[in-house]
Amino acid sequence: MKIPSPCIDICKYKLDNRCIGCFMTKKEKKTFKSLKKQSDRKKFISCLITKQNEFAKSEKWDTIYRRKCNKKGFNYNKIFTLNAN
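Okay, so the sequence shown: first residue is 1 according to the numbering used here, each after it adds one.
It should be emphasised that the hints constitute simulated quantities derived from the structure, not laboratory data.
Quick reminder that beta carbons are idealized off the backbone N, C-alpha and C, glycines included.
Just to be clear, a hint being listed does not mean it is correct.
[As the list claims (entries may be wrong)] Ranges of calculated distance between the beta carbons of each label pair, as one might list FRET restraints: (1) Lys-14 x Lys-78: 29 to 37 Å; (2) Tyr-13 x Ala-56: 15 to 23 Å; (3) Thr-50 x Asn-17: 12 to 20 Å; (4) Asn-75 x Tyr-13: 25 to 33 Å; (5) Lys-33 x Arg-67: 15 to 23 Å; (6) Asp-62 x Lys-14: 15 to 23 Å; (7) Leu-15 x Gly-73: 30 to 38 Å; (8) Thr-31 x Ile-10: 13 to 21 Å; (9) Asn-17 x Gly-73: 31 to 39 Å; (10) Asn-75 x Asn-17: 27 to 35 Å; (11) Ser-34 x Cys-11: 15 to 23 Å; (12) Ile-10 x Thr-50: 16 to 24 Å.
The task is simple: from the sequences and hints, build the whole structure.
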């Protein structure tokens, strides 16, 4: 089972060609899809969260992405606890 994409299905590009929902560029979305290792996916999401925090854009995303992870059977907190190691 793969870690879900950080995309939250808003897909409107306004902020320096970043999506207003997940804060990824189109290129980053393609890159995430190509990542096969769970560790690479965790690192990608961790970097994305850092970018979101720099622009104060993560609060709504965090709530929606947690819900998405729960629906897919992933524990959001476990994803990032493991990534911290």
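Structure-based check of each hint:
The beta-carbon spacing between Lys-14 and Lys-78, approximately 32 Å, falls within the hinted interval of 29 to 37 Å. In this structure the hint that Tyr-13 and Ala-56 lie 15 to 23 Å apart at CB holds, the actual value being about 18 Å. The hinted range of 12 to 20 Å is satisfied by Thr-50 and Asn-17, whose Cβ atoms lie roughly 18 Å apart. Between Asn-75 and Tyr-13, the C-beta spacing of about 30 Å keeps the proposed range 25 to 33 Å intact.
Under the hint 15 to 23 Å, the C-beta atoms of Lys-33 and Arg-67, about 21 Å apart, fit the expected range. About 20 Å separates the C-beta atoms of Asp-62 and Lys-14, a value consistent with the hinted range of 15 to 23 Å. Evaluation of the 30 to 38 Å hint for Leu-15 and Gly-73 yields a pass: the beta carbon distance comes to about 31 Å. Range check, Thr-31 to Ile-10: Cβ separation about 19 Å, and the 13 to 21 Å hint holds.
The supplied range of 31 to 39 Å is met by Asn-17 and Gly-73, whose beta-carbon atoms lie about 32 Å from each other. Between Asn-75 and Asn-17 the beta carbon distance is about 32 Å. The supplied range of 27 to 35 Å therefore holds. Between Ser-34 and Cys-11 the CB atoms are about 18 Å apart, so this pair conforms to the stated range of 15 to 23 Å. For Ile-10 and Thr-50, the Cβ-Cβ distance of about 20 Å falls inside the hinted range of 16 to 24 Å, so the restraint holds.
The structure shown violates none of the earlier numbered hints.
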